[in-house]
Every structure is written in structure tokens, then in C-alpha cells.
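K.L.:
Listed here are the chains, written in short residue letters.
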Amino acid sequence: MSTDQQTDRQTDPYGASDPAEGTVYTVTGQDWDDIVNAQAEREDERIVVNMGPQHPSTHGVLRLILELEGESITEARCGIGYLHTGIEKNMEFRTWTQGVTFCTRMDYLSPFSQETSYCLGVERLLDIEDDIPERAKVIRVMMLELNRISSHLVCIATGGMEIGALTVMTIGFREREKVLDVFELITGLRMNHAYVRPGGVAQDLPPKGLDAVRDLVAWLKKHLPEYAAFCNANHIFKGRLVDVGHLDLAGCLALGITGPPLRATGYDWDLRKKQPYLGYETYDFDVITRTEADSYARFRIRLDEMWESLRIVEQCVERLAGTEGQPVMVDDPKIAWPAQMSIGHDGMGNSNEHLKHIMGESMESLIHHFKLVTEGFRVPAGQAYVPVESPRGELGAHVVSDGGTKPFRAHFRDPSFVNLQAMPALSEGGMVSDVIVAVASLDPVMGGVDR
Amino acid sequence: MSPADGDRTAGEAESAGVRAANPSNRPGESDDYSATEGRRTGTVTPGEPAVGSEQTEAATAEIDRAGTLDEPSGSRTEVLSTRRGMFGVRGSGDTSGYGGLNKIIEFPPAAERPYGGWFDQVADRIGQLVPNSSEVITKVVVFRGEITFHVARRHVATLARMLRDDPHLRFEFCSAVSGVHYPADTGAELHAVYHLQSMTHNRRIRLEVSCPDDDPHIPSVVGTYPTADWHERETYDMFGIVFDGHPALTRILMPDDWPGHPQRKDYPLGGIPVEYKGATVPPPDQRRSYS
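Protein chains in written order, with the numbering used here: chain A, 1 to 451; chain B, 1 to 291.
Only chain B is shown next, with the shape it has when bound in the complex (with noise of 0.2 Å):
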């Protein structure tokens, strides 16, 4: 069996018990968000040496999928990418030793408990009321005083329920929901931010969610809280993540036959050389920039 059927294995199991409690959003389709949940194929343990950035994204892959059956996050750093050189060039017979510069980019790791004041207490109330906790919120990130909840993305509308419901939770505002694309993030390109506020208790956590590009279905939280109706919208404008559920997901800010979605990272920004008397300025996205 190939590590890829294994996740699917598990993806299948996990959906089976839940279906109950999560009425599915997509009428007429299966539910199965998928067997790429919550897998982030960038983890690498600190100090691992990174070779050449494609050597080193396939040996994290497999070190992920090895990982995580038994240790999921714990003192494990999240990589976003390998940055090599200094400008972005290659092969320019750079001879200044900067070409040679890798770097790698780490997300801020999984929190270990106690997350510290109020975060615990939301924490433990969620996992009193999620029986399943460990498989709804599969990681939590306390980074600069912010509490950031990754939830398994076919939880998310009822947990967002309950997060608004509960009277020890009372998230009852959201802020916004907002779009990330990570390219690097193989099987999880595509993030929702979801920014939530209990003015009862005067708190703020962010819910993160992600889905692969290729099957990019989030279930849509509008049910819970109405004004995300435009803020899904947007996302969807946005990154083409299809909120399932919404009640009228279509474009807002780009008219509505516009192809393609403009703030993903393999959309370009645009743009014409200008050329001053005589030299050439290249448009932004293809200007010398440092990496």
C-alpha cells in the first residue's frame, strides 16, 4: 500500500464518524472531503539538512507521511519553502557566493500545552464539546499572542457552530474570512482564515482550514455567521476555493465572467515595461527582487 492510499484509509474512516453529527453540505455529492486533509507535506524536523530545494521537498514529503501516523505535530517546525540564492537568479555565473545561500522558511510550530491564559480554557471547552477533538482540530499555533485553531475541513462549519453557540465559547462575530496560497503546501494549497471575536468575553482566535488545490471545497460557515456570505465571495473571487453551502457563491469583486483567480500565487500581477528615454523598466512581478 502507498503511503497516499494509507492517508485516503484514514481520511475514509474519519469522515464515516463524523457523518452524523455533520449533515452533509454538498447535497448530491459524496461528502468525502478528501484524503489529503490536513496533511502537510512540509514537515521537517529542525536541523534537517536541505540539500537542493526538490531533494529536499521529496525527502519531507516522506518523512511526513511517516510522521504523522504516530507523532502529528509536537517539537516539529513547519517549512513553507527553501529559498536558494539571494536575487532570485539562476544560473547567472554568480561568482559574489550568495547563489549558493539556502534557506529554509518555517512556519511557527504546533503549540505545546499550556498555550497560556484564556487559550486553554477555550481549548478545553472545545475538546468537551468535540468527542473527536483530536481529528477536528489537527494543530494549534500560539505565535506572538495569537491562538490560531488548523481545523480538518470538514468540521469546520459545525465547529464554527458550536465556537458561536456554547456559552463558555461565544465566538458570535466574525471577523473576516480571508484567502492564503501556498503553493508549497503540497495536498493543502489553498487556506481560509477565518478571524473570530466573542465580544462576551473579549477574545479573538483565527480558525485555518485548507484544501487541495484540486478539490478545493471548504463547507461555508454562512449558516453560522451571515456575514461571511461576502467575505466567502471574496475568497472565492479570490483563490477559487468553493465554499459549499453558501447560498449564492459567486464572483464580487471581478465581473463575473473574469477567467482564472487573480490572488493566487500562479496568477500574475500584470503589468507593461515602461521604457524612459531610452532604458527599459520591467512591470513589477518581473523585476530583480530579493528572495
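This is chain A alone, in the form it adopts within the complex (with noise of 0.2 Å):
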């Protein structure tokens, strides 16, 4: 192999031989015996394996640059933006109430939660946060934390995966269609729900509605012990997964770590109950927390908290019990959407009753309908971050308004995004297969990431 930088530049299609930089090997699934003598023969054990932004135990298209010493990690870091979409962009050119279809593609796995941080914020901005009515929060809520077991459980589905453990994701993702199911019933789409709305949700539960939750709940409460019998105490999961990617508190706080990770150093940083929103403190659960600050704690801190949703969607389903038939839009005609929808056999559209009454009945229904289809509603100028806790974290959303019909600029503080930052703390100094499992415990959604 006397020639081989020769023969890379030969046989490397992509032309990236640079000897600055050293020899580069291109991985394409040829013999590896070449690249083993090659490297052996160089007797350099240093070599920088680009991991990504296409491959399978990546979360998605993540792009991992480690530093490799053997099988040790002397330097890692981060290629992030292989999906960015310009979502913040777009939102600038949209009503504000379509501002919600865009915010929720962002973490596709947690949509209810952009698109609540993104409505908490304009309704702040329109000072009608004491008006939205009580069954619409309380939709809300339930929503919330029916996303959170979901996501929760495509965490813990896939980190599985990637560890080998198939029947923890094949099971995982059994559960979560369940939920999606419901979400389907609810919303009319598994997922992009576009459901929050400025001033309430975009429609009232369907009439099998609340049975359909309450057999969710009644199902979840059947197979979630599962994943606890298939993991918590076997040995080969717990093999891969204690005492990997350890971040302790002082850590979590500089990188700004939130989330399952935060909770995972014995911290109880929930903002349902630091900085209740939605009437979160009129619910009763725990915040889970442990102490051992590893991927097996996270895990452990996910499969708990699915349980704690469970107990608020339950109060949930009790209190949506008791309000049936009241409103779930803000009552003023300026700004709520002036459709009841209904979902027919394709989709989501206008109810019968609706059309009806501004065709035949309402002038006025018809010009606010008109209006706010057309023109959207405007909001006074001026700033607002109301920031809620989804499934991995802190989610703002920072609304600012130049008083127009459109969002002046929408940024959301994501909270993949920003836990992505520890990665390197997570997994320099570890083994490789380790990196597997430290990313997986931080649970990046990479639509999130990279808006």
C-alpha cells in the first residue's frame, strides 16, 4: 500500500484527498482489509471518522466529527443543519394563525408543544391570556402530555434500536401509533397537528373523543410496565447504559441543559410546576427526579414521567367530562377563528352548521370570517417569551410583533437544539460505542435542531 495516496486520489470519487490534512480513506463498502493495513501501516493510531449526517444510530442527520485514539474519543463535535428549512423565516410571511402549521413541523416528534409556546406568546402579546376558556386549556394540557408519552416513547423505542435492543422499538413504536391515533381522531393528523391555535384550539373534541383517550389510557397502562420488565434490570441494557455520558448539574446549568438530563442530576427543574402554565398547578403529579446523572437515569426519568402524564390526562379526561359543550376559542370575534371545524372523510374543514350560519344568517359572521381568512388579526407591537416544557426541555418561543398581521420575527429556543451542545462533555473520553448511547440519552429531534 506504498501508493495508496495515490490510489485514493484515484479511486476516492469524491476527489478529497488532501495531503495537508493527512490520508483520507473513503468508507464505501469495499474491502476493508485495505483500510485496516493502510492504517496499521501508517502506525498512527489518530484518525477522524466523520459520523453522519447518514447513519442510522445518528437520530436522525446528525453529523458526529470524532477524534479517535484506538477506540477512545480524544475530540468529538457536532455538524448540525442538514435539515434546516427556514421555518422561522417562512413564519414571517404568514398571519399569525398560520404561524402555527410551520412551528409545529419544527420538533416533529413534540408539535404540541411549539405550537402552545408559540400561541402562549401571541396570546400574551394580544393581552388576552386571562380569557381563554378553561376547556380549552385543559385540551391543551391533555394534548401536551399525551405528546409527551409519545415522544417519550420514540426515545426510548429508538435509543433502543440503536443499541440493539429491536423489540424495545418495535414495541415502542406499537404504543406511540396508538397515541397518534389519537391525535388523528383529535386533530385529523398524526402529526403537524396545527390544532393550538391563538386563543384556544382549532376545534372541540369529536363525540368519541374521550372514550377513544380513556381506552388510550386504559391500553398505555397495560404495556408501559413492559418496557420496565424488558430493560430496568437487564443486565446487557444496563451494561451500555450506567455510568455512559455522565453530566452533572454545574454542567447541565453552563450548557444549558434542561430537560430529562437536568432532572437526571437530582435537580426537580420542571417549569410545570416552577413556572405553571395552562393551569398546570391545579394538576396533581410528581416531578421525577434521580440522582446517578447517566443515560440509564435518563431512561429512567422518561419511562417514569410517561406515568405522571398519565395520571394528569386522566384529570384531564375528568375535567373534560364535566365541561362538555363549553367553548375552546376565545370569545371575541376579532381574533377567534371563526370556524367550528369538523373533520369529514378527507380532512379538516368547515362545519356544516358554520356555513350555514354565515351565508344564510350572520352578515357580520361573514364579513369576520372573510377578515380573519383574508387579513388574519394584528397584534399589538411588542415582545413575549413564554417558554413551556416539552418533552426534552425548555421550548420558548421569542414572538416579536411590529404590529401587522404577521410575526416580525419568531425564534424558538429549542431544547435539542441547545442540549446538542453537550455532546462533547457527554462523550470525550469515552469509547465510540458509547457515543450511541450519550446522544441517544439527549434525545435530539433534528428538525428541532435545525429549524
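Errors might be hidden in some of the hints.
[To be verified] To give an idea of the interface, some chain B residues facing chain A are shown, with a C-beta separation under 7 Å as derived from the structure:
1. F143
2. F173
3. V180
4. L253
[Unchecked claim] Covered stretches of chain A (chain B as the covering partner; in silico rule of three or more C-beta atoms under 8 Å from a C-beta of chain B):
5. 72 to 86
6. 243 to 255
7. 268 to 280
8. 406 to 413
[What the hints assert, rightly or not] Restraint-style ranges between C-beta atoms, simulated for each label pair:
9. A:S365 with B:P284: 24 to 32 Å
10. B:R161 with A:D248: 16 to 24 Å
11. A:G429 with B:D166: 32 to 40 Å
12. A:N192 with B:K103: 29 to 37 Å
13. B:P167 with A:G429: 30 to 38 Å
14. A:A228 with B:R287: 48 to 56 Å
15. A:R214 with B:G145: 33 to 41 Å
16. A:T291 with B:G271: 45 to 53 Å
17. A:L355 with B:D124: 52 to 60 Å
18. A:I65 with B:I272: 28 to 36 Å
19. A:G279 with B:P284: 30 to 38 Å
20. A:T85 with B:D256: 13 to 21 Å
21. A:G70 with B:D166: 41 to 49 Å
Please keep in mind that the hints were generated in silico from the structure rather than gathered at the bench.
Glycine residues also receive a C-beta, built at the ideal position from the N, C-alpha and C atoms.
Combine both chains into one complex, guided by the hints.
P.N.:
This is the structure:
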């Protein structure tokens, strides 16, 4: 292999050989012996590996740049931006209501968190925070908590898959699909719901909605123990997770880490308790903490948080059963989206009663409908930041209005984006196989990271 | 002496006073964060008649220069822009009357003491810690229950360290740094907005720092808040604000060789018109929109 520089240049389809950077090996599924031999001849264990952005174990299009000394990681960095779609810029060209349909697509595993944070910000600017109907708040809480369950299920499922626990993956997606079925029944869509709107929610629960949620709770109660039975005391599982990706409280605060990684250090920081929104202070639930500050603790926290979310959902169901027929949108015809939508066989649309009302009964309603749909409403100039506790930590929308019908600026503080900064701290000095576990324990969702 | 010269002298005097407290974040460069510090040209007294947008801007700029010398804020409001017409169309021969609409868009004005609740405690404590606090905090806005401290940019790094370390403040957690581009805010077009959280006291404040478009430099707070690393990179990437003292200020979301800064207002959204059955739908940024 004395001519490997030359052969590299001939065979390297990307022409990436740069002598200044050292030998470049392009790994495209050829015979690995060549690479191993070439590396052995160099008598140098130091190697820089590009892991991703297309790699099944990096949680989406995350690129990890790892500097290895043998199998140990000496330096690690993230490369992000591969899923950047300019959602924040796009929101500046749509009305305030349409903004919901964009921000729901950021972190696609917790769409309700973005919708809620954004809408709470808009409502604060409109100064209608106290006018949001109780039923709308309860529905929002219920959806947020169901969303927390479905998001944690994906985290546990994909995290299991990445270390070879395929059954955890299959049952995780099975349960998640049950949750998404309920989302579909209530909002019309499995994901990207645009269900939470400034002023309330897009529509009331469908007739069988509460029954479906009750069935779901029963199903989850039956099946959630399976994860604990599979994993909690599993030697292989614990061998991969315990003491891997350690990050203590000081590290978390310095790096801005929130959510399960922060609570795994023993600090009970949860915005639902510390800065309650949507009436979270009236629900009975506990904040789960552990003190080990490693990947296993984060896994156990997510597992237990799902049970707490179930407790909240049950309380929501009770309240919703008692508020049947109450409004789910603010009582202000200048802001409230005019229609009670209904779900037909082809998706969500205007209900027939509403069409009858505006076309045959009320000229004023027709005008409001027309103005709101074409023009939107104006939001007083100013800025607001209302964070919520998403499944991954503090998610906040910094909403700036210039008094117009469109957001002047909407910036999202996405917990995945911030938490991913801890990747080097979690993995440097460890083994290359532990990088997978450490990244999975942060649960980054690239849609949220790159926006 | 022109008004601009007057400002510059004031700025230099200010920087000389705090040089010792603020070791330069831009080694090898003069750390004079220029003359336009804290100046917002869009200041106007309420009820000021708006004639036409250009005239109004010129007029308000004059008012501001005269006004900032003795009375920095008080009952004045901040003009963001002046809107004309309804649909953002010009010269269409519109006879509906909407074309004659003139609307002044104003920011929430500076707040008066007392701010209410713990806001005063925080402001008092900052006043105790910072001897020249009126230079450091150029304006305080309380709006919808949130407090915003407008900070002169050369002081933001030292102020952040104080906010984090002082036991009475303890803003130990930086939630986010975000940027906003106000093209109408002449001399302070680019704003960086910091959301700080005190977990100890369960308080949240916002710092807002501005810099002019032709000198987009703001000291980095990464030394105090390591989490600001990626946030500042994102703000640089999207707005072109250079955070001096950042360990590796490179693009983060856009490709390394990308031209321009996409979130600025003068950067087009892009998009192509779509033709469907003979009709053409323009891209979103070219559609008629309500101003």
C-alpha cells in the first residue's frame, strides 16, 4: 500500500484526498482489509471519523466528527444544519394563525409543545391570556401530556434500537401509534397538527374523543410495564447505559441543558411546576428526579414521566367530561378563528352549521370570517417569551410583533438544539460505542435542532 | 458641530470611563463600540403628526437627537415604522380611501419606576453593582409582565457576568440568544435578545442589545454562559452580528460558504411562482399582504 495516496486519488469519488490533512480513507463498502492494513502501516492510531449525517444511529441527520485514538474518543464535535428549512423565516410571511402550521413542523416529535409555546406568546401580546376558555386549556394540557408520552416512547424505542434492543423499538412504535391514532381522531392528523391556535384550539373534541382517550389510557397502563420489565434490570441494557454520558448539575446549567438530563442530576427543575402555565398548578403530579446523572437515569426518568403524564391525562379526561359543550376558543370575534371545524372523510374543514350561519344567517359573521381568513388579526407591537416544558426540556418561542398581521420575528429556543451542545462533554474520553448511547440519552430531534 | 459628532464624543467619553472594568473583547482593535450606542432614531412624542413616511423619519430623527441629551426616555414611545395604505401597494390608483391610511407603529414605551414586584429589586441591585448604571442600562421596558433591559453593547459581557454571579441576582441560566433585524431603527438595526433565567429566585429577564448595521459587533457572553456558544453562532449565521470574543464564530445552520444572512429583512424569502391551470400563484413574499 505504498501508493495509497495515489490510489486514493484515483478511486476516491469525492476527490477528498488532501495531503495537508493526512491520508483520507473513503469508506464505501469495499474490502475493509485494505483500510485496516493501510492504517496499520501508518503506525498511528489517531483517526478522524465522520459519523453521519446519514447514519442510522445518529437520530436523524446529525453529523458527528470524532477524533479517535484507537477506540477512545479524544475530541468530538457536532455538525448540524442538514435539516434547516427556514421555518422561522417562513413564519414572517404568513399570518399569526398560519404560523402555527409552520412551527408545528420543527420538532416533529413534540408538535404540541411548539404550538403551545407560540400561541401562549401570541396570546400574551394580544393580552387575552386570562380570556382563554378553561376547556381549551384542559384540552391543550391533555394533548401536551399525550405528546410527552409519544415522544418519550420514540426516544426509548430508537435508543433501544441503536444499542440492538429491537423489541423495545417495535413495541415502542406500537404504543406510539396508538397515541397518534388519538391525535388523528382529535386533530385530523397524526403529526403536524396545527391544532393549538391563538385564542384556543382549532376545534372541540369529536363525539367519541374522550372514550378514545380513556381506551388509550387503559392500553398504556397495560403495556407501559413491559418497558420496565424488558430494560430496568436487564444486564446488557444496564451495561450499555449505566455510567455512560455523565453530566452533573454544574455542567447542565453552564451548557443550558434542561429536561430529563437536568432532572437526572437530582434537580427537580420542571417548568410545569416552577412556572406553571395552562393551569398546571391545579393538576396532581410529581416531578421525577434521579441522582446518577447518566444515560440510564435519563432513561428511567422518561419511563416514569410517562406514568406521571398518564396521571395528568386522567385528570384532564375527568375535567373534560364535566365541561362538555363549553367553548374552546376565546370569545372575541376579531381574534377567534371563525369556524368550528369538523372532520370529514377528507380531513378537517368548515362545519356545515358554520357555513349555514355565515351564508344564511349573519352578515357580520361572514365579514369576520372573510377578514380573519384573508387578512388575519393584528397583534400589538412588542415581544414575549413564554416557555413550556417540552418532552426534551425548555421550549420557548420569542415572538416579536410590529403591530402587523404577521410575526415580525419568531425565534424558537429548541431544547434539542441546546442539549446537543453537551455531546462533546458527554462523550469525550469515552469509547466510540458510547457516543451512540450518550447522544440517544439527550434525545435530540433534528427537525427541532435545525428548524 | 453636527448632531452626529456630538453623539460620538459622548460615546467616547463613555467608553473611556469603563475601559478598566471591561477588558477588551476585541484584541488588537480599538474597543470603541462606536457612536451610535443606544440611539434609537425612531423616538417621537405621542401625537406627533405623521405627514409622510420619509418626512416623518427625518423629523423624528431630529427630535431624537435633541431629546436624548436631557431626557432619554420617559413618556416617549418608540416608533417602529409608519405604515401607509392597507395592502402595501403603491400607485395603483386606489380610490377606496384605504390608500390614504397612515399608521404609526410604536414599541412599548420605557417603563417608569416602580416597575412592580421583583422587577425593582433586580433593577436596584444592578444599580448598586454598576456605578454608571444609566450608561449601561439605556432603557427598561415592562410589557405584558416581562421586563426588558436595554443594555449598551460594550457592557453586555460584564453585566452578564454580574447577573450570573451576584447572589441577589443569580441569573445562572441563559435560555436563548435570538436576533431581530429592525431596518427602520436607523443606527441600531440589529438587536440581540438574551433571555436569562434565575433558577435560584425563579425569575426571568430579557436583555436587549443593539448594534448598527455598518458595525455589527457585540461582545460575546460565552465566557459567562457557555450555552450561548451555539446561540451566538446561530445569530451570527442568520443576522451577521459578530460576537467579539466568541471562541469559534462560524456558521452553524447554513453551509459554510453561504452568502448573506437569511433572517435579515433585506434577505428575500425566495420561492418561485407556481402555475396551475393557466393561473399563476406568486411566491409567498410577493403576494399581496396586509400591512
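K.L.:
Take the hints in turn and mark each one as holding or not.
P.N.:
Here is what the structure says about each hint:
1. Interface hint at F143 (chain B): satisfied, since its Cβ lies 5 Å from the closest Cβ of chain A, which is below the 7 Å cut-off.
2. Taken as an interface hint, F173 (chain B) checks out: its beta carbon lies about 6 Å from the nearest beta carbon of chain A, inside 7 Å.
3. Among the interface hints, the one on V180 (chain B) holds; its C-beta lies about 5 Å from the nearest C-beta in chain A, closer than the 7 Å criterion.
4. Using the Cβ-Cβ criterion of 7 Å, the hint placing L253 (chain B) at the interface with chain A is satisfied: the shortest such distance is roughly 4 Å.
5. Restraint check on the region 72 to 86 of chain A versus chain B: 4 residues with Cβ-Cβ distances below 8 Å, three needed, restraint holds.
6. Coverage of the region 243 to 255 of chain A by chain B holds in this model, with 3 residues showing a Cβ closer than 8 Å to a Cβ of that chain against a need of three.
7. Counting residues of the region 268 to 280 of chain A whose C-beta sits closer than 8 Å to any C-beta of chain B gives 3, which meets the bar of three, so the coverage hint holds.
8. Residues of the region 406 to 413 of chain A with a Cβ under 8 Å from some Cβ of chain B number 5, which satisfies the need for three, so the listed coverage holds.
9. The supplied range of 24 to 32 Å is met by S365 (chain A) and P284 (chain B), whose beta-carbon atoms lie about 28 Å from each other.
10. With their beta carbons about 22 Å apart, R161 (chain B) and D248 (chain A) fall inside the hinted range of 16 to 24 Å.
11. With their beta carbons about 34 Å apart, G429 (chain A) and D166 (chain B) fall inside the hinted range of 32 to 40 Å.
12. Between N192 (chain A) and K103 (chain B), the C-beta spacing of about 35 Å keeps the proposed range 29 to 37 Å intact.
13. A beta carbon spacing of about 33 Å between P167 (chain B) and G429 (chain A) agrees with the range 30 to 38 Å that was offered as a hint.
14. Checking the proposed 48 to 56 Å range against A228 (chain A) and R287 (chain B) shows it holds: the Cβ atoms sit about 53 Å from each other.
15. As the Cβ distance of R214 (chain A) to G145 (chain B) is approximately 37 Å, the hint placing it in 33 to 41 Å holds.
16. For the hinted restraint 45 to 53 Å between T291 (chain A) and G271 (chain B), the CB-CB distance of approximately 51 Å keeps it satisfied.
17. Between L355 (chain A) and D124 (chain B) the Cβ separation comes to about 58 Å, which falls inside the hinted range of 52 to 60 Å.
18. A hinted range of 28 to 36 Å holds for the C-beta pair I65 (chain A) and I272 (chain B), which are about 35 Å apart.
19. Between G279 (chain A) and P284 (chain B) the beta carbon distance is about 36 Å. The supplied range of 30 to 38 Å therefore holds.
20. The given range of 13 to 21 Å is respected by T85 (chain A) and D256 (chain B), whose C-beta atoms sit roughly 18 Å from each other.
21. Take G70 (chain A) and D166 (chain B): their Cβ atoms lie about 46 Å apart, and the range 41 to 49 Å holds.
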